[in-house]
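Fit chain B to the known structure of chain A by using the hints.
The listed protein sequences correspond, in order, to chains A and B.
Straight run, no breaks: the first sequence in this note's numbering ends on number 259.
Straight run, no breaks: the second sequence in this note's numbering ends on number 360.
There is no bait here: all hints are sound.
Below, computed lysine-lysine pairings styled on DSS-like, alpha-carbon distance capped at 30 Å: (1) A:Lys240 <-> A:Lys196; (2) A:Lys140 <-> A:Lys118; (3) A:Lys196 <-> A:Lys3; (4) B:Lys234 <-> B:Lys173; (5) A:Lys196 <-> A:Lys65; (6) A:Lys118 <-> A:Lys137; (7) B:Lys251 <-> A:Lys116; (8) B:Lys257 <-> A:Lys137; (9) B:Lys257 <-> A:Lys118; (10) A:Lys118 <-> A:Lys3; (11) B:Lys251 <-> A:Lys65; (12) A:Lys116 <-> A:Lys137; (13) A:Lys116 <-> B:Lys257; (14) A:Lys118 <-> B:Lys251; (15) A:Lys3 <-> B:Lys251; (16) A:Lys3 <-> A:Lys240; (17) A:Lys65 <-> A:Lys248; (18) B:Lys257 <-> A:Lys140; (19) B:Lys173 <-> B:Lys257; (20) A:Lys65 <-> A:Lys3.
Honestly, the hints are just simulated from the structure, not real lab data.
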Amino acid sequence: MAKRIDVSDLNIYYGDFLAVADVNVSIEPRSVTALIGPSGCGKSTFLRSLNRMHEVLPGAHVEGKVAMDGQDLYGPDVDPVDVRRQIGMVFQRPNPFPTMSIYDNVAAGIRLNARKMKRTELDDLVERSLLGANLWKEVKDRLNRPASGLSGGQQQRLCIARAIAVEPDVLLMDEPASALDPISTLAIEDLMTELKERFTIVIVTHNMQQAARVSEQTGFFNIAGPGQPGRLIEFNPTEKIFSNPDEKATEDYISGRFG
Amino acid sequence: MSQTSAPQAPAAPSPPPTSVQPRPRLPRWATAAAFAGAAVVAVLLGVLTALNLVTFVLYTAVVGTLALWAVSRRVEGRRKAKDRLVTSLVLGAFAVTLVPLLSLVYEVVRRGVARLDGEFFNSSMVGIIGPGGGAYHAILGTLIITGLTVVMSVPIGLLTAVYLVEYGTGRLKRAITFLVDVMTGIPSIVAGLFAYALFAIFFGPGVRLGIAGAVALSVLMIPVMVRSAEEVLKLVPNELREAAYALGVPKWRTIVKVVIPTAIAGLGTSVTLAIARVIGETAPLLVTVGITNATNLDPFDGRMATLPVFAYYQLTQPGVPPEFGIDRAWTAALVLIMLVMGLNLLARLISHFFAPKTGR
Numbered sequence: 001m002a003k004r005i006d007v008s009d010l011n012i013y014y015g016d017f018l019a020v021a022d023v024n025v026s027i028e029p030r031s032v033t034a035l036i037g038p039s040g041c042g043k044s045t046f047l048r049s050l051n052r053m054h055e056v057l058p059g060a061h062v063e064g065k066v067a068m069d070g071q072d073l074y075g076p077d078v079d080p081v082d083v084r085r086q087i088g089m090v091f092q093r094p095n096p097f098p099t100m101s102i103y104d105n106v107a108a109g110i111r112l113n114a115r116k117m118k119r120t121e122l123d124d125l126v127e128r129s130l131l132g133a134n135l136w137k138e139v140k141d142r143l144n145r146p147a148s149g150l151s152g153g154q155q156q157r158l159c160i161a162r163a164i165a166v167e168p169d170v171l172l173m174d175e176p177a178s179a180l181d182p183i184s185t186l187a188i189e190d191l192m193t194e195l196k197e198r199f200t201i202v203i204v205t206h207n208m209q210q211a212a213r214v215s216e217q218t219g220f221f222n223i224a225g226p227g228q229p230g231r232l233i234e235f236n237p238t239e240k241i242f243s244n245p246d247e248k249a250t251e252d253y254i255s256g257r258f259g
Numbered sequence: 001m002s003q004t005s006a007p008q009a010p011a012a013p014s015p016p017p018t019s020v021q022p023r024p025r026l027p028r029w030a031t032a033a034a035f036a037g038a039a040v041v042a043v044l045l046g047v048l049t050a051l052n053l054v055t056f057v058l059y060t061a062v063v064g065t066l067a068l069w070a071v072s073r074r075v076e077g078r079r080k081a082k083d084r085l086v087t088s089l090v091l092g093a094f095a096v097t098l099v100p101l102l103s104l105v106y107e108v109v110r111r112g113v114a115r116l117d118g119e120f121f122n123s124s125m126v127g128i129i130g131p132g133g134g135a136y137h138a139i140l141g142t143l144i145i146t147g148l149t150v151v152m153s154v155p156i157g158l159l160t161a162v163y164l165v166e167y168g169t170g171r172l173k174r175a176i177t178f179l180v181d182v183m184t185g186i187p188s189i190v191a192g193l194f195a196y197a198l199f200a201i202f203f204g205p206g207v208r209l210g211i212a213g214a215v216a217l218s219v220l221m222i223p224v225m226v227r228s229a230e231e232v233l234k235l236v237p238n239e240l241r242e243a244a245y246a247l248g249v250p251k252w253r254t255i256v257k258v259v260i261p262t263a264i265a266g267l268g269t270s271v272t273l274a275i276a277r278v279i280g281e282t283a284p285l286l287v288t289v290g291i292t293n294a295t296n297l298d299p300f301d302g303r304m305a306t307l308p309v310f311a312y313y314q315l316t317q318p319g320v321p322p323e324f325g326i327d328r329a330w331t332a333a334l335v336l337i338m339l340v341m342g343l344n345l346l347a348r349l350i351s352h353f354f355a356p357k358t359g360r
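In isolation and in its complexed conformation, chain A is listed as follows (with noise of 0.2 Å):
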């Protein structure tokens, strides 16, 4: 199941603008890892590069190397389609399918790929797909209601059990809390340490705090200025960048005492 991803000498474009430059990093299987680093440095940018969703924007680009377990993510006989499958995506914000019931949108990742599966089969990954995004207690009784009906933190966890249905090898959470309360907030981190079994997490957060919580390496992103790229300064242990980093940058972004 869960995979390690190398990436080296990663360059990411939008047309000619060079967003990130030159990152070098090897992220763990199961563990989590997060990104951190001020707005506009790169992390989601970064993170999109991963499971090749940077290039859905027109004229996005990356130069470089990301490999899965030795295979080449960006190797010229390489389907976007089939990386995406291996590795799935949380959004900032909750985004469920609103034509779909609760049921159809954990089945979607099946559905949508007209893939055949037996009812009842069908029915084992939703239910297991929602126990493990810890939703199946509070959905189980509506599972044929829209999704929309749920709230903003039900509805982030339904996206991670849909992103969990297709049993990926890696997971991508681009700030899955952030527009979340500190409730479900809390939840979500409940789950990402229990996911971190099966999976290997890749987080960005604004929140620190969060990172220290959640992660077992953690990546500092910067940027020098406007229209400069972004660049990964630091890449350690969690505990480390927090207590004693490298890099005196990461140290003032982490103390508050940063731009």
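Relative to chain A, chain B alone:
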């Protein structure tokens, strides 16, 4: 954190507490009273000049608005007075817009209801001179030709809109958008002549075919369809597309299974409004389909009757005595209006029943 360099300004002399002072307000009945008074004045004015419905309403509106504004200005102050003046103007503009609509509906119903009987709906004009006859052939003709138009235009329009929103970039997209805009401005008679010329190439001059009419109407309907479908598809949040991509769903499946279902209510409305746009077209059908007295339901074989053209001929060539033909023309117009209204109602129902539910 950040600190202002200037020291705190010394407390200004206490400002006059105008902002929260209770202001005198006109009572609720003031508006009604102003216009009732204005009505009395209007009658007096009308006695001096000529009193009829138009001058009475006009005098009442103008005098009432001015009186209300003046009184409000004295009692409530400038801002409130301006509010009342603009409210009166907006309502007045609304009333003026409503006049032609209500007048039209009233007139068409009044004159069309005379022949709104069973015979009108189940007989054609074969052998009819004078009373009787109906538009059975024209109603079916309109439905058939409009149906063919829909079959041709909706797929082309929808796919063009999908291309523009989901795939198109750069020059080609701009070119298509520009051409669609140009097509929107084509006069309907030009569309008719285009279709006529096209079919004349294959069938010789003087050709009259239902399908030619459908082609002409398609030229008019496609740009409307593209434009409205494009707007509707743009409203689908990008987050939903990204959610589908992140599940490893290919782009075309994302469009078919996520984007279009999310927009289906709006697309249904687009289709019905585009139909309403073309169903009453007369000129292009006049040159491509012509008219016939008999029932012809085959759009690939000769002339057909359609409601707008039927109304046109019944009005311009009513026969002797003319009143029966003119009655049939009004009834045809009434049926056409009912068809369009029915379509609008259908659009409302579609958007009501297919819109994404938000129930808890």
